[in-house]
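A.B. asks: Here are the chains, one letter per residue:
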Amino acid sequence: MERERSIEEIYNEYMAEIIGDGAENETLREAMQRARAAYRANLKRALETFPESVQYKEKARKIKEYSIDHLEELIERTMESVRRNHGHAYLAKDAEEANRIIAEIIGEPKKIVVKGKSLTTEETELRQYLQARGHEVWETDLGEFLVQIRGARPMHMLAPSVDLTREEAAKLISEVTGKELSPDSIEEMVAAVREFLRDKFTSAHVGIAGANAISADTGTLFIIENEGNIKLAASLPEKFIALVGVEKIVPTLDDAFHMVKTTWRFANYMVPSYLHMISGPSKTGDIEKVTTYGAHGPREFHLVLLDNGRIELSKNPDFKEILYCMKCGACMYECPLFWIAAGHFGVRYPGGIGALWDAFIAKGFKEAAPAVYTCAICDRCRVRCPLNIDTARMIIKLRAILYEKGYAPDVTKQVKTKLFKR
Amino acid sequence: MKVVLAGRVNLMHTGQEDVLESIVSLMGKLGVDLAFIQDEVVCMEASINLGISDVAEELFREFKDKVEALKPDVVVSAYAAGVAKWAREVPERYGLRLSVPYIHLTEFFAEELERRKPSLKPFPHRYFLQHGCTLGRKLGRYQAAREVLSHIPEIEVIEEDYPTAEIEGLDPAVFNSCPASWLNFTLPELGEYAKENYVLDVLVPRKPEFAGSTCANGHYGIRQGLEIAEIEDIKPLYFTQILDQVWR
Chain A
2 MERERSIEEI YNEYMAEIIG DGAENETLRE AMQRARAAYR ANLKRALETF
52 PESVQYKEKA RKIKEYSIDH LEELIERTME SVRRNHGHAY LAKDAEEANR
102 IIAEIIGEPK KIVVKGKSLT TEETELRQYL QARGHEVWET DLGEFLVQIR
152 GARPMHMLAP SVDLTREEAA KLISEVTGKE LSPDSIEEMV AAVREFLRDK
202 FTSAHVGIAG ANAISADTGT LFIIENEGNI KLAASLPEKF IALVGVEKIV
252 PTLDDAFHMV KTTWRFANYM VPSYLHMISG PSKTGDIEKV TTYGAHGPRE
302 FHLVLLDNGR IELSKNPDFK EILYCMKCGA CMYECPLFWI AAGHFGVRYP
352 GGIGALWDAF IAKGFKEAAP AVYTCAICDR CRVRCPLNID TARMIIKLRA
402 ILYEKGYAPD VTKQVKTKLF KR
Chain B
115 MKVVLAGRVN LMHTGQEDVL ESIVSLMGKL GVDLAFIQDE VVCMEASINL
165 GISDVAEELF REFKDKVEAL KPDVVVSAYA AGVAKWAREV PERYGLRLSV
215 PYIHLTEFFA EELERRKPSL KPFPHRYFLQ HGCTLGRKLG RYQAAREVLS
265 HIPEIEVIEE DYPTAEIEGL DPAVFNSCPA SWLNFTLPEL GEYAKENYVL
315 DVLVPRKPEF AGSTCANGHY GIRQGLEIAE IEDIKPLYFT QILDQVWR
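These protein sequence lines map, in sequence, to chains A and B.
When we follow my numbering, the leftmost residue of the first sequence carries the number 2, and every step to the right adds one.
When we follow my numbering, the leftmost residue of the second sequence carries the number 115, and every step to the right adds one.
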């Protein structure tokens, strides 16, 4: 059994990483500057082209407020809808149970699994779990593929390799594909990965992805993507499994569409290349109108809903706003700490809102404490957040709990005696 | 008029005596009766922001008693945290309210300048103004600082822009970058990098001769950042230092 680390060890390791791999890494700072400039330019273009997007924010907030306040009811309704659609629905209480359910659905070892980018699967460490059971698992989103081959963790909610420069990406892709790639051509890098992963898609037994929203009334998953990898992962294999946090559920199809269009617009896209709506296994009724499952797409559709503390959090008036996060990642491009450290600011989830997710969902208070005290409480993320999530307010409230538990950093602990003379 | 200056010890504790001197000098020029709080605690507002909640109420209660004993007409501070805490959090959390107004120095001087309309000397320099996160973004109070600086002849004020502010119908200052001063109370060794990055990323490209924040905490972050980044051609200058220089 793994020994529980002391708070001092946790701080020391965190600081070594955030300073060593983050703040002192000049390449990372440069990558972040480029990413920030691109984000702002893209967002400007998207909002100028679709100025009505600014009005999306208020309605999106209301949908989330209602959904989180009615979470358990919506979970039940979603599971009924999925089953009505001839899919399978599960509610996993924690990460371990979610991974176990998915492993059981996949079945015997040595299956080929192709995955789409999903923070929820990162939360449960699904890839590592399945690999340890002998499955060949491939991340198929380019950024996440780079994360996998370098043995790292995602550095941003939507752009997992935001910390990499083109020079580093070319080196990594050259190593794994055996092609000599130049940093001057991102197009060639993309083509090399496409060619490398094409065989994996066609021979995969199982496709796995997350979702950006689920409509409870129809049991429909909404998945935004640009690369087309999820299109393949959700279409070619026999089985398709979605692992989705319960907070992604909203009441209706219209609500789900509103949430995804808000997500992509503030994630700086005019429009994504693909928006998938998946409500069950593939089917046909072309012979005598008899509905038969397993046409060209997957024969089986499984939705694993992940609780992992979300239901309890939805009842906490001080912190339930954490669950409003759509993971658009907009806030991170404006965070002064993310500028210098990218996802090293955070443990499983990055940034200030990520510190809150780590504390309540993914890692627990003790492991998340250094990230919570990394936040500069400057409130810039709230302004950039399309849902106006008040991260700084929640960070301050959480600090009171962490301080009480003895999880504050040494400097903070000394304030009481040195400055307040108490 | 009797004015209590809150945060005097913070300015001294952070080596910003130059800012303190300029405030005292200006108050003298205005002819106000300036009073200080005895045995003032350094940055007691941090008790809330850092989670040191077991002493917070006691600190705010003591502050209230000490301030009200001085019987001022107004409490002012170069720091935004105190203004914000007394505006909302302290009344909400502890039911404590000051019997006198507590305003930020930018607001105090904006009012005084408007009322007195003094003839100020020119300040022919490029000045970068950062709106402190608490005063600006959290309280939405930007105009006072702009009004104060608008009274100074020949000053060129530069503020940070943001590409989507207009489309979103927001004051660009709401997006002002942050020199991460609060990290001095949590992870200062990490804060050094953030401050340096702020200076290199936000200040240096805009080529000001002087830079300052509306909030003395943000201003301290800018000072530290300039020092860490070893930038000598941009000088930290708080708005009261400019006012004191140009006041005839």
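It is worth saying that the hints were derived from the structure and are not from the lab.
Treat the numbers as computed from the prediction; the structure is a model and nothing was measured.
One or more hints might be untrue.
Claimed, not checked - Okay, derived cross-link-like pairs now, DSS-like style, lysine-lysine, Cα gap no bigger than 27 Å in a straight line: (1) A/Lys112 to A/Lys232; (2) B/Lys178 to A/Lys422; (3) A/Lys417 to B/Lys231; (4) B/Lys321 to A/Lys45; (5) A/Lys367 to A/Lys94; (6) B/Lys321 to B/Lys231; (7) A/Lys422 to B/Lys180; (8) B/Lys185 to A/Lys422.
A.B. asks: Confirm or reject each hint.
C.D. replies: Each hint tested on the structure:
no., hint, verdict
1, A/Lys112 to A/Lys232, "holds, 20 Å"
2, B/Lys178 to A/Lys422, "holds, 18 Å"
3, A/Lys417 to B/Lys231, "violated, 44 Å"
4, B/Lys321 to A/Lys45, "holds, 25 Å"
5, A/Lys367 to A/Lys94, "holds, 21 Å"
6, B/Lys321 to B/Lys231, "violated, 30 Å"
7, A/Lys422 to B/Lys180, "holds, 17 Å"
8, B/Lys185 to A/Lys422, "holds, 26 Å"
When each numbered hint is compared with the structure, violations occur for hints 3 and 6.
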